[in-house]
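J.: Here are the chains, one letter per residue:
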Amino acid sequence: MSRLLRLSVNGQSVDVPAGASVAAAIAQATLHFRRSVRGTPRAPLCGMGVCFECRVRVDGVAHVRACMTPAVEGMQVYTDG
Amino acid sequence: MAKRFDVLVVGAGPTGLAAAQAAASHGAQVGLLDAQARPGGQVWRHDVRHQAPRAAREAFATLDNVTWLAQHSVVANEPQGLRVETPGGSELLGYNALILATGARERLLPFPGWTLPGVCGAGGAQALTKQGWPVAGKRVVVAGSGPLLLAAAATLRAHGARVLGIYEQASAATVRRFASQLLHWPARAAQAAALRARLAGVPYRCGSVVQRAHGEAQLQGVEVDGPRGTQRIDCDLLAVGYGLVPQVELAALLGCALQQTGKHPRVRVDGLLRTSVPGIFAAGEITGIGGLAVARIEGTMAGHAAAGFDQEAHALRAQRDKARGFAALLDTHFALDPRIHRLADARTIVCRCEDITLGELDGFGDARDAKLATRCGMGACQGRLCGSALAELGRFPRSGSRPPLFPARLATLAGHTSLSPSDDAYRGS
Numbered sequence: 340m341s342r343l344l345r346l347s348v349n350g351q352s353v354d355v356p357a358g359a360s361v362a363a364a365i366a367q368a369t370l371h372f373r374r375s376v377r378g379t380p381r382a383p384l385c386g387m388g389v390c391f392e393c394r395v396r397v398d399g400v401a402h403v404r405a406c407m408t409p410a411v412e413g414m415q416v417y418t419d420g
Numbered sequence: 349m350a351k352r353f354d355v356l357v358v359g360a361g362p363t364g365l366a367a368a369q370a371a372a373s374h375g376a377q378v379g380l381l382d383a384q385a386r387p388g389g390q391v392w393r394h395d396v397r398h399q400a401p402r403a404a405r406e407a408f409a410t411l412d413n414v415t416w417l418a419q420h421s422v423v424a425n426e427p428q429g430l431r432v433e434t435p436g437g438s439e440l441l442g443y444n445a446l447i448l449a450t451g452a453r454e455r456l457l458p459f460p461g462w463t464l465p466g467v468c469g470a471g472g473a474q475a476l477t478k479q480g481w482p483v484a485g486k487r488v489v490v491a492g493s494g495p496l497l498l499a500a501a502a503t504l505r506a507h508g509a510r511v512l513g514i515y516e517q518a519s520a521a522t523v524r525r526f527a528s529q530l531l532h533w534p535a536r537a538a539q540a541a542a543l544r545a546r547l548a549g550v551p552y553r554c555g556s557v558v559q560r561a562h563g564e565a566q567l568q569g570v571e572v573d574g575p576r577g578t579q580r581i582d583c584d585l586l587a588v589g590y591g592l593v594p595q596v597e598l599a600a601l602l603g604c605a606l607q608q609t610g611k612h613p614r615v616r617v618d619g620l621l622r623t624s625v626p627g628i629f630a631a632g633e634i635t636g637i638g639g640l641a642v643a644r645i646e647g648t649m650a651g652h653a654a655a656g657f658d659q660e661a662h663a664l665r666a667q668r669d670k671a672r673g674f675a676a677l678l679d680t681h682f683a684l685d686p687r688i689h690r691l692a693d694a695r696t697i698v699c700r701c702e703d704i705t706l707g708e709l710d711g712f713g714d715a716r717d718a719k720l721a722t723r724c725g726m727g728a729c730q731g732r733l734c735g736s737a738l739a740e741l742g743r744f745p746r747s748g749s750r751p752p753l754f755p756a757r758l759a760t761l762a763g764h765t766s767l768s769p770s771d772d773a774y775r776g777s
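Residue numbers (our numbering), protein chains in the order written: chain Y, 340 to 420; chain W, 349 to 777.
In isolation and in its complexed conformation, chain Y is listed as follows (with noise of 0.2 angstroms):
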């Protein structure tokens, strides 16, 4: 098993291993990725930075596609759910 990364996602620990996604990593804490337009909770669907369904704030950028973004050591995330 490879090093393991540990991030914040909404103010919570979590661990992942080197090489993962953020969106990998939220998913430890949440399923809850983005609230719609209309309200409705989002968690990704393509996986490939089409959708845009994960989009989350890292590092306080926000509108980042989680599944496109290597999880990095110390990363601040958080989700809109």
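Hints are computed from structural coordinates only; laboratory data are not their basis. Relax, there's no trap hidden among the hints.
Now the stretches of chain W that chain Y is said to cover, found in silico as 3 or more residues with beta-carbon under 8 angstroms:
#1 475-484
#2 722-734
Partner residues aside, some chain Y positions facing chain W, computed with beta carbon under 7 angstroms:
#3 Ala359
#4 Gln367
#5 Ser375
#6 Val376
#7 Pro380
#8 Val389
#9 Cys390
For glycine and all other residues, C-beta sits at the position ideal for the given N, C-alpha and C.
Mind docking chain W on chain Y? Use the hints.
T.: Frame of chain Y, contents of chain W only:
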């Protein structure tokens, strides 16, 4: 100033990797870019737990001879080259020849409940699992159509998921006819047998369609309609996809002529994979869904041709045509049952970005009218999902491709090569 390459390749899946390698073998200065952080595309996507197949590792090893540009996303076409966004800024990449290897995305079709967290594509579930998504012990239903379902199920299982069943929409008779054809494709037959062995004990049900997903805040179960009636299956994850569609957006933006295959466009190319625009080549899935074997051969052909070695490219045509034959077989046997086009009802959301239901689109005959009146297709995915779905449902095709190709920062569009610290607070928001 633009960086300039003899040959620039967009997309680092099997097609792009083969193209870059072939072009570099002739001494060309080659740039290979991809929006993802690692090469491999979808089929050779990095798996946090398992080693990549040998062919993929060999392809990655050849990157030494090319300039590998990770997390480079093309957003626009400018006179000097392609405007590309990176996590830290933007660049302008010039080229003498351009190879488009932008691959495919899943054909994701609406049905009641498909926006619930816990519902994702079949390839989507496979991609997320490889990224480290926690699936161990989770109850998963895999559904949709085509061989990708087997591959997705095998990946899920290798990561510890409990795959409750694979539900294929094609009828048992059709799938049997397809299997009998595999005799003519020994390598494919071996591949299929290996996949089935990895899925021993997992039910494979034909003529079966997930018609509804249930749940409040997230998925709790699905309703499957099959030859023996409708059944409810409780599950944590639904992986559902109906095959693939070519990703032609960049080609369209560059002015390359497209042609329709069924309901979805692909890039028109000649025998040497030249598009209608001089100096621009297209290879692999964007010239018509063909699978891994076609992707690798066409990538190599395009790499040779883009470097000016037409004979080497030409020599691979027969091999490519044969590999395309298998793709044609898949197309015929896994054609979609019309009942899949009727799954969405008037209240089902079609445009997930703007929450527009199918009923709200009644009466619109083209994408532009629908967009102006309802905002359908105006969200972050820029109509990629709803556009392909509405074309599939026989409503109307997607409207043309315009820059920026993906949502981009203003600094990128203004041509700023790096972000100042103060931009951090604003970018993307």
